[in-house]
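Colleague: Residue numbers (UniProt numbering), protein chains in the order written: chain A, 1 to 414; chain B, 1 to 414; chain C, 1 to 414; chain D, 1 to 414.
Hints in this document: simulated from the structure, not taken from any laboratory. Among the hints, erroneous ones may be present.
To be verified - Simulated DEER-style distance windows between Cβ atoms: (1) 82/A <-> 293/C: 36 to 46 Å; (2) 411/D <-> 304/C: 26 to 36 Å; (3) 316/D <-> 75/C: 44 to 54 Å; (4) 406/C <-> 321/A: 31 to 41 Å; (5) 81/A <-> 104/D: 28 to 38 Å; (6) 97/C <-> 321/B: 30 to 40 Å; (7) 39/C <-> 321/B: 17 to 27 Å; (8) 411/D <-> 409/C: 25 to 35 Å; (9) 158/A <-> 393/B: 52 to 62 Å; (10) 48/C <-> 104/D: 50 to 60 Å; (11) 104/D <-> 158/A: 56 to 66 Å; (12) 304/C <-> 199/A: 38 to 48 Å; (13) 316/D <-> 229/B: 30 to 40 Å; (14) 53/D <-> 289/B: 47 to 57 Å.
Owing to the predicted nature of the structure, the values given are computational and were not obtained by experimental measurement. A virtual CB, placed ideally from N, CA and C, is assigned to each residue, including glycine.
There are 4 protein chains.
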Amino acid sequence: MSRPTTDGPRVGIWLIGARGGVAVTSIAGLIAQQQGLADGTGLVSTLPPFANLPLVEWNNLVVGGHDIRQAPLIDELERLHTQSRVLSPALVESCREELAKIESRIRPGTLWNVGTRIKQLAEPAAAGRSSDSGINNAKSASDVVAAVQADLAAFKEDNALEQVVVINLASTEVSPEDTDAWPATWDELKISLPTADCPLPASSLYAIAALDAGMPYVNFTPSLGSALPALDDLAHQRGTCHAGRDGKTGETLMKSVLAPMFAARNLEVMSWVGHNIFGNLDGKVLDDPANKQSKLSSKGNLLGDILGYAPQSHISIEHIESLGDWKTAWDHIHFRGFLNTPMTLQFTWQGCDSLLAAPLVLDLARFTLLARERGETGTLDFLASFFKSPLGEGDQAFAAQYERLLAWVNSYSE
Amino acid sequence: MSRPTTDGPRVGIWLIGARGGVAVTSIAGLIAQQQGLADGTGLVSTLPPFANLPLVEWNNLVVGGHDIRQAPLIDELERLHTQSRVLSPALVESCREELAKIESRIRPGTLWNVGTRIKQLAEPAAAGRSSDSGINNAKSASDVVAAVQADLAAFKEDNALEQVVVINLASTEVSPEDTDAWPATWDELKISLPTADCPLPASSLYAIAALDAGMPYVNFTPSLGSALPALDDLAHQRGTCHAGRDGKTGETLMKSVLAPMFAARNLEVMSWVGHNIFGNLDGKVLDDPANKQSKLSSKGNLLGDILGYAPQSHISIEHIESLGDWKTAWDHIHFRGFLNTPMTLQFTWQGCDSLLAAPLVLDLARFTLLARERGETGTLDFLASFFKSPLGEGDQAFAAQYERLLAWVNSYSE
Amino acid sequence: MSRPTTDGPRVGIWLIGARGGVAVTSIAGLIAQQQGLADGTGLVSTLPPFANLPLVEWNNLVVGGHDIRQAPLIDELERLHTQSRVLSPALVESCREELAKIESRIRPGTLWNVGTRIKQLAEPAAAGRSSDSGINNAKSASDVVAAVQADLAAFKEDNALEQVVVINLASTEVSPEDTDAWPATWDELKISLPTADCPLPASSLYAIAALDAGMPYVNFTPSLGSALPALDDLAHQRGTCHAGRDGKTGETLMKSVLAPMFAARNLEVMSWVGHNIFGNLDGKVLDDPANKQSKLSSKGNLLGDILGYAPQSHISIEHIESLGDWKTAWDHIHFRGFLNTPMTLQFTWQGCDSLLAAPLVLDLARFTLLARERGETGTLDFLASFFKSPLGEGDQAFAAQYERLLAWVNSYSE
Amino acid sequence: MSRPTTDGPRVGIWLIGARGGVAVTSIAGLIAQQQGLADGTGLVSTLPPFANLPLVEWNNLVVGGHDIRQAPLIDELERLHTQSRVLSPALVESCREELAKIESRIRPGTLWNVGTRIKQLAEPAAAGRSSDSGINNAKSASDVVAAVQADLAAFKEDNALEQVVVINLASTEVSPEDTDAWPATWDELKISLPTADCPLPASSLYAIAALDAGMPYVNFTPSLGSALPALDDLAHQRGTCHAGRDGKTGETLMKSVLAPMFAARNLEVMSWVGHNIFGNLDGKVLDDPANKQSKLSSKGNLLGDILGYAPQSHISIEHIESLGDWKTAWDHIHFRGFLNTPMTLQFTWQGCDSLLAAPLVLDLARFTLLARERGETGTLDFLASFFKSPLGEGDQAFAAQYERLLAWVNSYSE
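Using the sequences and the accompanying hints, generate a full structural model.
Modeller: This is how it looks when you write it as structure tokens:
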């Protein structure tokens, strides 16, 4: 199998929430790969099983995106360094010039149905006072979609890109209610778009804009995004693909690794308590109970799926300023063994959220772009190992999910 | 209390170290299953995937064994209850009568090459002053094997058993050196048996006795047992099978579950420190550095196998009297993520050792007896998920090991 | 100094919430001391510094109390044994006869202003359908106080008691609001008692009943109890004493021990997160946010007092059924050291709540009865080490609090 | 940058082991205080109770020292930054110039009786091939003392210092045996000095050099130093003072804070296990069992002193390269409460060793210099809160030790 050279076609990564910690770290990580400043540690796509896949080369990737805020990218990167003691000063410096270029490719994002807490984060340009974008003068969801598509088209043309993957990294929205009652086909759902009270949240409008334009879409957040049958329908109609939802980076990753052990050993999990503390912007947004609910739902599904019964489970997430981007999760698992004997497993996970998420964003971009190139349509089930609430069917056990990724690689080689 | 009968043939479980905590808990667990006093929690063989296997029924199992000590079985069971606060008083009472019967089927064990520490545990009968057994008047390893075989034959005949599985649960021996240089075939190895300075340890003599008699053998301890090519050869010659080594119940189980996650996410494990404290007899034996070395070797192999490189690793095991049978393991895993970021996972495992081990002993008895019945010979690779240092080939990741067990079940159904 | 003999006068301990876990454990502990079944471990008053104090002898103590429930005392004791694996079966048996006697001295408690959650726990007798007590036919707070005082007087007379200490162990009430605006003198406050809408909660009415009758009162719970200036005034007027509030048994004890270390070393506590999980009735009551607020307020005060500044602090309390009476607290303390270096201390406390609380209840009974005998009036500041929110003035550091207890002993000997 | 000057006399701090992590961090901390680059966090002597003491001003302190290695000071500082992610790049830069000056005041140290492991660390100059110092051509302990005194005298004169405090920060030596049998008076002990086989270790020779010259001496390490009656005698004879031994920065600090809680609550500590892992040079030296023994002895004394009985205790220290200067201590405390109930407290301490130690070094310098100025002689008991194995008498509970420090301040003000 031959690989593309760096003379290969250029492709784009369009980040929703491009000024946030995960996005900026992903960009810095991409620059580090392009400039040879870091090894592949943390990246799944650089592991040996993926060595022969014709994944896009780092040097052929171009970044752009939307954001509702205007703070310079370099500020966020410097904050990660000074507040959270991650990234070397040398790396930060190496990114400065490239970040300035990317800056010019970031467009104001939409605030359509994002909820109060996120609106408070927005700055004037995104909040509608800017003249350089139609997005915040939108009178309907259709207008929003059109504005997003205009931005995507311009990005593609200006940079001579063959394809663009759209990845949602924005703060967690308030979840709309009763989505189960929404139309299951694209033809029915799209009727609501031209209205001023269309209930679709921003994340879904971005997904529509991408999929309708034939671009692949990845939802790395707990927001709704493409997790609607009607959007999967749209993807199929346009011959494109999508994946999500909510990147699996820490406590939930551990759950999907540990719960299968309890199941395989017939140890009954009586209760599983998880307590998460961290201090970044994500945490601030989650301090609003409405936003937090989206996150908790996303984290809470898998235990029952893996164990076959639902133990008492409690998850809490608290914003602790002093921790910066570091998340500490303490989990307490109370289980019952042979002859009715209660036992306990506790773990403490101390990880830097942005640094755990960023490589997965780059991996997902590469895998999704390849799937798109191969003509795969609809939900990309084989990416389940990357998500807390994977779209599509399948076992939630991490090892089984990873096997599905390897099986996809093998199917490709055949 | 009358017991349900079943029609199948009766089979035996012969426990080496029958008076120890794991053995007595296994016996109590078997009685609880026979009398319907406990559900299947903790037992692998009662999980749905194994429901259609023709495994031996609990009521058809008869227990006997060897031990170098003479303390009544009920004492050990009561000690577990009073010192370690496990098992209900009702269960202990329910076992009293049956334990007395089993008592009569326990024979003095051998002290051949077990090391000083274990010899100190022995009581007169085992130490050679008893007239009721030839085992401690043995002048050569052959004599020991013959005495063991006489005990096994008597057990089989007295109880009209169709088959007997021999399971080693005795305290960890000092490891003999240079075993790699020992003969790889049975015909060569057996030449040393009739000598007084035969270097084979007790655990291997028991294994020889069992395999030579066509019985299956399981080594649940870190001792050498059947882990010699020559003994595998013997098993093949006699058409029987064996498995081992060292039951995987706690910290090492966690390692085989967690290490694959780090590998699959390309997170570099820089160091893995494990500190184990517990207060049972096993711990006392391991206080001797020579015995501890056998254990540490057994625990330490798998990280390199799973990760593909060897991180700095430190394992310590300390005997802390107050903990009784409860083992607390604290593990500190220091790993490197994206862009050179160090992160940490710590866990604390608080489990009751005998209660974690006992159900696996019963599972192994059932699986091994079925394999023997089916005519499988040599090493039973499909049992790898039960062992810290599995005999035979194969991936050490727990999920992969469990898949091999399920594959064996499936091959059986076909 | 001469000590009273067991021929000394008999005194009473009257427990509010007498059927709860802490009360029943206190009673079992008292029986164990009386019968010589346990050593003094866990009891402060049996330590050497208190050896010469003329504290009441165990054999001279008689127990009675109020409760809104009717379940037999022995049931709660057995539940502690079977669900939480504490107390030996032998001890439970030894208590059976004595508990039956105490049973006859427990009277229906009041539900006046206890909040919805606690009312749901009540059984018919306490809820007003019983004819054997006026307490639940009360039309005013005065009626409640009168009914309580009648019960106390009968207890004292029936058992020929010289004195009675009243100790509140009942479930945490909803906190009344604006108590700062309430009258600060007894003469003003008592005006509201004869009304049907008197806002005083049950815990304060019990306190009034006790203090007005000249009896000492101890509030071991976060409920309001005697924590009103007007009740301290009443104590002074009647020449009696009181102490409280909220027994300091676990996480808060640790805070009052650890926070002074950070202060003395000039290490800045940036954040202190405490996450508590447990499964007893207390936990169920605290699942109601209104009741939980009382508890959180009680736990949250001391950091600022000890450190001199208020770090970000988060405390959560969750009811996890499987834990029974065992409370696990995980605390994460993020602190800043020299040259701006962030560091972390985490602890996990696994304690059995009732067993931690019960000995303190017995200690408080003994110390308070002696103070009453000596004629001390008002708030007993020297008992601060026993409480999360100590009434009275003084440093909240545990070592300083304990020094005050020792100083009281020394003042007594002089 | 111009510095504020002060009028007081200049005094010196002479560091044994001046190139090590603690020393270099202490120097950087001093520079940061002199240049106003850091607040007082982590320094005890800047707390309010010490505000009115006439402690030496930061700007009046001059640093010099001995070391057996030659690596530039700035290298160690940079290594702390890059390997352990502590200290800001700005601070490191600010220290560069000043470190170069201090460099010129560092003299080769002695290897007399330091043990093999430490000798391996030494570089040629210290190992005797340098011509610029007599210290490594010494034929007797007297010669070593004379060489050290020559270095101290030169330092004092060259820098016009009024006084010099000598502080031992060197790697832990192997402990000499049978020191209890050594002479208890200076006059007897000094007889051995002129011999080639004088058993006194280097740390004691430095102490003798300082005390004999009337300078105060502080031993911040577990090495023997001044912990001999004969050296206390010498201090009294020369009218000077000394303190030690082994700075109390982490796990032992926690022990001296927590053990008094168990004692005051009559909770019986059944076992206390401490497991320490870290990756700095100290750790490498402690990998040698002979050196480790000195450390373990120092850490292990206080539990029995505080509790009044000796629980089973286990302490382990392991060198884990990846941790750099970060020390993680996991402690497991198993205690028995009321009615024989076993409970558990675990803590994990994650601290940066050099940053915890350095401010205490500066505090000790200031307090000791003041005591010397005041004419205090012999052991400075009031500094006990700073040490794991405090010289002199007194309660080992941290709160009590800190009270003694405050009492000293108060005695001074009177």
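Colleague: For every hint, state whether the structure bears it out.
Modeller: How the hints compare with the structure:
Roughly 37 Å separates the CB atoms of residue 82/A and residue 293/C, a value that falls within the hinted 36 to 46 Å. The hinted range of 26 to 36 Å is satisfied by residue 411/D and residue 304/C, whose Cβ atoms lie roughly 31 Å apart. Look at residue 316/D against residue 75/C: about 46 Å separates their beta carbons, and that is inside 44 to 54 Å. Distance hint for residue 406/C and residue 321/A: a CB-CB separation of about 40 Å, consistent with the stated range 31 to 41 Å.
Checking the proposed 28 to 38 Å range against residue 81/A and residue 104/D shows it holds: the Cβ atoms sit about 34 Å from each other. In this structure the supplied range 30 to 40 Å holds for residue 97/C paired with residue 321/B, their Cβ-Cβ distance being about 35 Å. Checking the proposed 17 to 27 Å range against residue 39/C and residue 321/B shows it holds: the Cβ atoms sit about 18 Å from each other. At roughly 26 Å, the beta-carbon separation of residue 411/D and residue 409/C lies within the given 25 to 35 Å, and the hint holds.
Evaluation of the 52 to 62 Å hint for residue 158/A and residue 393/B yields a pass: the beta carbon distance comes to about 56 Å. The hinted range of 50 to 60 Å is satisfied by residue 48/C and residue 104/D, whose Cβ atoms lie roughly 58 Å apart. With their beta carbons about 60 Å apart, residue 104/D and residue 158/A fall inside the hinted range of 56 to 66 Å. About 45 Å separates the C-beta atoms of residue 304/C and residue 199/A, a value consistent with the hinted range of 38 to 48 Å.
The hinted window of 30 to 40 Å between residue 316/D and residue 229/B holds, with their beta carbons roughly 37 Å apart. For residue 53/D and residue 289/B, the hinted distance range of 47 to 57 Å is satisfied, since their beta carbons lie about 52 Å from each other.
In the structure shown, no violation is registered for any of the earlier numbered hints.
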